[in-house]
Amino acid sequence: MLDAPQLKLRHTAARREVCFLLDGEIVRVENCPPTMTVLEYLREVAHRTGTKEGCAEGDCGACTVVIGERAPNGSGVNYRAVNSCIRFLPTIDGQELVTVESLSGPDGTLHPVQQAMVDHHGSQCGFCTPGFVMSLFALYLRDATPSRDRVVEALSGNLCRCTGYRPIIEAGVQMGSYPQPRRWSRASAATADSRTLLEAIHRTESLHLPGFYAPLTIDEVARALETDPSSVVLAGGTDIGLWVTKQLRDLPPMVYIGSVSELKTIRHEPDGLRVGAAVPLAEAWEALVRLYPRLGEMAQRFGSPPVRNSGTLCGNIANGSPIGDSIPVLIALAAQVELRCGAATRYLPLERLYLGYQRKALASAEFIVSVRIPLPSAGLWFSAYKVSKRFDQDISAIAAAFAVRIECGQVAEIRLAFGGMAEVAARAPAAERALLGGPWNEAAIDAAAARLADDFTPMTDMRASSAYRLRVAGNLLRRCYLEYSEPREPARVADVVAAEGRE
Amino acid sequence: MNWRHESAHLHVSGRALYADDVSLAAKALHGAFGLSTIAHGRIRALDTAAVLAAPGVVAVATAGDIPGENNYGSILHDDPIFAPGVVQYAGAPLFAVAATSYAAARKAASRARVEYEPLPAILDIRAALAAQSMVVPTERLERGRPQEVLARSPFRLRGTVEMGGQDHFYLEGQIAIAMPQEDGGMLLISSTQHPAEVQQVVARALAKHANQIVVQCRRMGGGFGGKETQPALIAAAAAVLAHKAGRPVKLRLDRDTDMLMTGKRHDFLADYEVGFDATGRILGLTVVLASRCGYSADLSGPVNDRAMLHIDNTYFLENVSIISYRCRTNTVSNTAFRGFGGPQGMVVIEQIIDAIARTLDLDPLEVRQRNFYGARSRNITHYGQIVADNIIRKLVARLAKSSLYYERRAQIAQWNKQHRIIKRGIALTPVKFGIAFTATMWNRAGALVHVYTDGTVLLNHGGTEMGQGLYTKVAQIVAHELGVPLAAVRVSAADTAKVPNTSASAASSSTDLNGKAAQAAAQAIRARLARVAAETCGVDISTVTFRDGRVFAGQKCFTFAEVVQLANAARISLSSTGYYRTPKIGWDRKSWQGRPFLYFAYGAAVSEVAVDVLTGETQLLQVDILHDAGTSLNPAIDLGQIEGGYLQGVGWLTSEELWWNSAGELRTHAPSTYKIPTARDWPRRFRVELLEGQPNREDTIYRSKAVGEPPLMLSISALLAIGDAVASCGRSGRPVNLTAPATPEAVLRAVEALAADAASCVEPQRMAEADM
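Those protein sequences? They're chains A and B, same order as listed. By the count of this note's numbering, the first sequence reaches residue 503 at its end, each step adding exactly one. By the count of this note's numbering, the second sequence reaches residue 772 at its end, each step adding exactly one.
It is worth saying that the hints were derived from the structure and are not from the lab. The model shown is predicted, which means the values in this text are computed figures rather than measured ones. Glycine residues also receive a C-beta, built at the ideal position from the N, C-alpha and C atoms. Be a bit skeptical, because a hint or two may be false.
[Said to hold, decoys possible] Pair by pair, the computed Cβ-Cβ distance ranges are:
no.: 1; chain 1: B; residue 1: A755; chain 2: A; residue 2: M459; range: 19 to 29 Å
no.: 2; chain 1: A; residue 1: A498; chain 2: B; residue 2: Q418; range: 12 to 22 Å
no.: 3; chain 1: A; residue 1: S465; chain 2: B; residue 2: E407; range: 38 to 48 Å
no.: 4; chain 1: A; residue 1: T109; chain 2: B; residue 2: Q555; range: 35 to 45 Å
no.: 5; chain 1: A; residue 1: A498; chain 2: B; residue 2: R398; range: 39 to 49 Å
no.: 6; chain 1: A; residue 1: E486; chain 2: B; residue 2: S110; range: 46 to 56 Å
[Claimed, not checked] Calculated pairs, DSSO-like style, for lysine-lysine (alpha carbon to alpha carbon, straight line, at most 30 Å):
no.: 7; chain 1: B; residue 1: K208; chain 2: B; residue 2: K27
no.: 8; chain 1: B; residue 1: K27; chain 2: A; residue 2: K246
no.: 9; chain 1: A; residue 1: K264; chain 2: A; residue 2: K360
no.: 10; chain 1: B; residue 1: K244; chain 2: A; residue 2: K246
no.: 11; chain 1: B; residue 1: K498; chain 2: B; residue 2: K590
no.: 12; chain 1: B; residue 1: K244; chain 2: B; residue 2: K498
All chains should be modelled from the sequences, with the hints used to inform the complete structure.
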């Protein structure tokens, strides 16, 4: 158990127990340890053992549950799949928790998702099955008759070692052909009775547990961090969760920003997109792809739906991993971060946030409020690439994002950003210099690729060797040029698959 | 019949109970292991005082706390439960701790202070070969005059085939619960493919008798061979802790500990020299196989034996020499994994055939067909077993046709001419897999069937359910024999107190063995019931029939339950055991001659891939499979084994890379770093079919064939399809050197080697002039 943070709060009204909805009942958890995961709660406290632990790092999906949240607009509830193994229970305060046990009727009648899995022989050992059922269930509520591609996308965070997936994909495609269930139909999600109950437990004050503080405003966040600068800012927890489940660390007091509505919004401003610090990756990527459609593949391959539903874009930035795929993308887009410290706000180009491995240009008690992404400028060619051993949910060996503006055949502006090439995601100044002001052609690309060795001395690790990284970094530049100059020529394996999908 | 899995409704609703889901007494404790952090060294000091002092800790057990034998090795007794003074790999268990919660136990375990005196470590196959470091003696198998024939072959090729290992990545990690019983007994719930071995190991570790130890397993969340020998370690450690604490102990490994501590598929190296003629027919072959076994023997002997026995795959090797080195390294001790050495042997020969075809610029399929075993001649394996049931020629011809192999090959060649970045490739590879434990004594099974007076049936047998559908199939068999609906048969947990001395659920044989044993038990009961019905109706016993839950005797029709009640009233036993031993098999391991296998299971697959030659990324585009399951007991379950086995093999050969650093630490020990296939990896275009109308020639259960392991090897087609795409980057006549797993980096390496080679433009190597 963690020590209580010594926060001197201006207002004293605070909730001191975690409240959430489960199977139509309001559950109140008193004395909730701040780092107790949703999975731990389910299995060890509630003895609901249907939800499984496969990896405790959000990478296998056996622990998938569905979280329901009051839709900000309208009267319904938004349901989305998350990994319960790395999600701290206090972060679902005020929300609805749906587990595999919730789906069947009281008489044991299976939900269409479950029945489709049975009928298509979608389970063998059955251990991953509850997680697949919940990922499909989350999809069912949004789209009961999804395309094969949507099913595959929805399942990209769930691992099965037995089936080869074919029967599970078919169950997903067919789940809409079953009669609507009495519980958990699509309609019930839009007009859920749950909404009423969620209103009842909706929190209008902060949540305050020993070691865990969930305020409602940015000012409160700023004050809390000033009061105890050793605190850690918690958003989706898809990284911090692992500090507990994998590294067995005792955490400093946490300031959870997921209840701060100002931080949960995306704003379209005249000079760009402003993504708040608590905006989940799923929404952030969607907005980014709308601006920059060529980010589609990167968005799809970033984490998995449950990770993107929990984790935040600014969390990825704050984490500052050398290979966090969003960082090279945002650097190439010349994004800025909005930083807040006490009452002061400042803006910093994202590329200047990173000083070295796990070192950031953040003052004590300073935190990220938003990231601002400029709108596409005329003539800007932008593309992003990810190379990893597996297409879905893998950490890149190399990530790259290139923004080039060509004017009259000359490179007028260029930003080449790479992840996985150095201790931080970074631009390639020598390669950029080789191209800037010169012609945009194959010879120039080759010359720039050769300069990457001046920019980077990548490491060898389990993801790739140094030589491979350097070689492929240059080849990605070639791929970028090819996509620019020969748009009809397939230049990624995904192009071939996509083309076949359209056939 | 396509009966659904007996637990499907439980799986999908979260109501299927795995070991970790069983409710425990409030006083139950949770265990965790402390692991070695170095690959090889003497333990100077192991100080667990801080562990014991940690919050919630009740007991700590080290090697000295084991009352009996500190070993869980099954063949050689060389696997310590807790390292007794020397650690032999990074991840070796040093001690275990029991605490009041899982988190408390894990945190406490990290508090131990260990001082090592490092010793030199041998970390890979080449280093072990150089040091002649072996876990079991080197084996040699030779037929004909390979050296002599090689010397005068018109064409010769030398090469090396390399393939990595594979983590099982069962979704349910290793787990055991040990519960002390009265009078020194111990009850264990273990996630194990081999309850009888867990029982033996725990008995020896606790210095107790086998009759004091009971091991149960209702189901596993996946096994794949990883729960054949490894669970004995977990169970033994749990039992030692429970014994010391006098309280139940649940020992569940977190994913990282599981992957660091437990054995995997063996990685292999093969250096070969092959002589062949201008048509691609192999004349002589010498192969040196070497595998990384890790620090102890475990099952490495039989795994490597099976690699030797499958290096022929479907090909007649008239003159062949195989040397098999079983290398001892300071890494985790490798173990059984679906295919058990067979896949590694087959990858070697398939890569050799591919190299021959590339050298001669022939379609690899043509070279494969040219080397197939014959029907009446060229039909004896290098170990002297006649291939009596050979259907590969017909099966492959049918698949080549149904998959449009030749047409697609031509289209792909066209595509590759037109596109410079994305290349395509296609390959058809066959499978012939020998069915039986090569250790003949294990080819046996027992079953226990009870019929209750309400007409319901309780089935127990020595097999374990890990998702493969064994319990469904055996229940189908018993229902069929007794003429009752499947719903009347309830399957129960494997239990050493019900059916003793069983063999592991392994070697694809569980249905063959347990199905026959259960059939025998059901038939014994049916015979008794038939006699009762015949006597009651005054008809001849041979006229009594059982079907649809009814018993027909003369003009009379009883419900099954009525006949059961008549028998019960007549004081006839309604319970029977059944026992089965596989007939006809037997071989001499010393001379490598005889019949290790009852029969062969066949199959073939065509895979098509796209390869990005800038990055080496690949994508599977299509798979066509035709597989032989004899007369399938349950086509839906068999298709599940085929598709699942195929994709698991694709993972092994493409994305799943085990990576150790130079200190011998495994750095890929969780799904974040170790990448098994996801749903997207199942190709959009597929056709998977069972070969129809081919009952097993041998008298197996309803003439079915084993289907657990063979399909894994269908995945070799995916590796060679990548190789085919890579080949299009070079000049014709050049073999592709593609190592497995074909990660983007491995593929790019192969592409660039070939491109460099094409640039240097060397004449094809011709060892000798053809004189034909």
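Hint check results:
{"no.": "1", "hint": "A755/B x M459/A: 19 to 29 Å", "verdict": "holds, 26 Å"}
{"no.": "2", "hint": "A498/A x Q418/B: 12 to 22 Å", "verdict": "holds, 18 Å"}
{"no.": "3", "hint": "S465/A x E407/B: 38 to 48 Å", "verdict": "holds, 39 Å"}
{"no.": "4", "hint": "T109/A x Q555/B: 35 to 45 Å", "verdict": "holds, 43 Å"}
{"no.": "5", "hint": "A498/A x R398/B: 39 to 49 Å", "verdict": "violated, 32 Å"}
{"no.": "6", "hint": "E486/A x S110/B: 46 to 56 Å", "verdict": "holds, 55 Å"}
{"no.": "7", "hint": "K208/B x K27/B", "verdict": "holds, 24 Å"}
{"no.": "8", "hint": "K27/B x K246/A", "verdict": "holds, 26 Å"}
{"no.": "9", "hint": "K264/A x K360/A", "verdict": "holds, 23 Å"}
{"no.": "10", "hint": "K244/B x K246/A", "verdict": "holds, 28 Å"}
{"no.": "11", "hint": "K498/B x K590/B", "verdict": "violated, 36 Å"}
{"no.": "12", "hint": "K244/B x K498/B", "verdict": "holds, 28 Å"}
In terms of the numbered hints stated before, the structure departs from hints 5 and 11, listed from lowest to highest.
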